[in-house]
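Peer 1: These are the residues of each chain, in order.
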Amino acid sequence: MQRLAHIAGLVVTLWSAGLCAPVSYAGELFIVAHLPDREAMLDNSELLKILRGKQRNWPSGYGARVALPSRDSEIYDQVSQVLFQSSGSVMQRNWFKLVFAGRANAPVYLDNDADMLQFVTSQPGTVGMVISPSSIEQSDQIVIVKAVE
Amino acid sequence: MKSSLLAKLAIPMLAASVVVSLLILVVVPDRQEQALERSRQAELESLAAAFGVAAQTAFAYEDLNALERMNTLIREDARELFVALTLDNPEGTTLMAEFPENANVMTRLRESPEDFVSANAVFDIDGLLGKVVVAQDRLGLAAETGALTLPLYVVFFIILGLQVVIALILWFQVVKPITVAAKLAPQLAATHEAARLPKLRRSDEIGALQNALRNLRAKLLQQHRENQRLFGSLEGLVDERTADLQRALQAKDAFTASMSHELRTPLHSMTASLDLLAQNPDLGRKNNRYLSIARQSAKNLLLLINDLLDFQRWASEDVSLYQSPTPLVDMIQENIDIASILFEESSIDFETDINIDNAALVMIDRQRFSQVVLNLTSNARKFTSEGQVTLKIRTQAEDDHSIALEVMVIDTGIGISEVDLDRLGQPFFQIGGGLNRKYSGTGLGINIVKRILEQMKSELSIQSKIGEGSQFGFRLLLNTPKKSNDSPNEDSATSLVEPHETNLKTPRLLYVEDSETNQLVMQAMLEHFGLQATIASSAQEGFELLTRQQFDILLADIQMPVFSGLDLMRWINESSQLRGHLRCFACTANADEGASTEFIDAGFDGVLTKPISLSAIESFIQQEL
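Chains as they are written, first to last, in our numbering: chain A, 40 to 188; chain B, 1304 to 1928.
In short, the hints are calculated from the structure, not lab data. A hint or two may mislead.
Unchecked claim - Rough simulated footprint, nothing fancy, chain A against chain B, three-plus residues with beta-carbon under 8 Å:
| hint | region |
| --- | --- |
| 1 | 1362-1373 |
| 2 | 1394-1406 |
Said to hold, decoys possible - To give an idea of the interface, some chain A residues facing chain B are shown, with a C-beta separation under 8 Å as derived from the structure:
| hint | residue |
| --- | --- |
| 3 | 132 |
| 4 | 138 |
| 5 | 140 |
| 6 | 146 |
Built from N, CA and C at the ideal position, the CB exists for glycine as well.
Bound conformation, chain A alone:
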């Protein structure tokens, strides 16, 4: 009986995990960018360059700032997969190298989409990634682009 109780608990746990995860992680990622003044819109690939730390500034020369999901974020590994085709720790190390080598400014790590959206909309020149950008509206400054690898 006791063994049955354990098995039942394990089944419930595995079910819960299988039920919730596809919903949360199966969504598409969006790039949210707050364009600096008079900055022309960039396409997906150029925004990804900024997010990968390969481009430091906007074309106008305005310094670009990157906001990345922290380890506690739900899209931590998903973003890392898009940007570096690897796990989140790889993303962390890559950005560590970039900052260490001085090739990029230090990114900001945020825990969820709300913080991400709030941070991006409040900081011109910032580029971040979210999974659900529906809470904000696009404008001339705030641009939402679907992230394509």
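Chain A is fixed; fit chain B onto it per the hints.
Peer 2: Showing chain B alone in chain A's frame:
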């Protein structure tokens, strides 16, 4: 330059400064590099630690801002630092990141750690060991040291330049003026006019020194001129005094000559008269004794006068010798005759011990020889109260051309003490002298004897014993005359009379003499030998007589008023008619040999020196007539 102030002060200072500076330049950079390395090491360790904290923060808290700031710090650092971050994985240590990128810091550190100054810090990242290495190339460190040392070099060269400037200032401001002054100082002492000191408008010590030298020069110049003026006046004074002295000497010579003449002239009259008187057989024993005393006194007086005049003359000149060929036996006999007079009417025996070559003819100053012998004999007589005086003479043939003549005067007198023997011969020294002196005389005799013998290349030997007597002696080496040129002179009183052969049987004599006394004496002496003489009282009268009458012999006094005997001789020489066969003889009281020579040179055939004794007249007559 070696002994200049510059060499003594500035150059050593400069050298010392350079040495010290070089030492500083060598030591300080080395120490500085070491200090810099230690300092850098500490800095790098701090940086590594900071990097470690930043890295740990970045990993642990997802905050790369600290890492960014560190990167900015390193990038902006001028020291060109290298930074590497490694992680120890299970697979091994991997290089996680480095700055600058692709610098291969870890590889280079591993291969050549001595090329770097480095520090590291370890930290933990998710259970993995991370290590941050911060390094700096030593070349960069050396460059930094060089950059730090550069000011030192700059300071060194500034100090060196300052030293050179100081040396130059020292040279131009101190050494050069002093050198100029030092060079000019000897010139200043030697030629005051030539030394010129540069004018310096300086108020310091050098200026004061130069001014002092200029003042000194001015004073020296003034002193020099004053000295020259004084020297000029002194020269004038010396010339004046010299002229005075010469005049005094001339006056003294004139006085001596005059005194000689004045003393001899009356003495001549006395001796001649006494000689004439002695020829009278009717005087009687008592008168004869008085006459003998008078004659002896006259002889003594003559010797005394001769000694005084000789001593006075020889004070300023050497004894002159006038040698002539002389028969030795005649000369010695004459001396014996004269000496014998000294012992007349005396209780002392005068003995002679003569052993000579009777045929010897020698070259000798007969007058000086007699002076020596008579002085010694006279002294012996004076200091002998009883006993005898012996004149001992020997000759010895030396070779074909010379004869040694030894003369000794031996007495049995009072003798001479050793103390007196040492002083004997000093001018005016007399044995038993002093206020109560017992013996008469001038104390010049032995001195004169010594001087004459010295001139004859001989010396006086004296042996004496108190109370027993004395022995004076000398030895002369006499040359014999050459037969062709020298002929004997046999006359004693007329040693300078030249021999003359004449056939006159009654010679006509003219005697020119201003002194009536002398006229009478001469007439008397000539009459004694059966001769007559015409008398003239002056040179003019004599010359007139010569022009009017024929004479064979002229006897002329030299020192006469208005015109002298020399004037008369000159007139005669100027008249060829008068000179003819006339034989002329000077009669003078001037006993100077130089004077006799002067008379012969003037034209006289011979000289008769006053006082002229009867025996001298006899010899003259025998010689000339």
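Peer 1: To test your reading of the hints: which numbers does this structure violate?
Peer 2: Failing hints: none at all.
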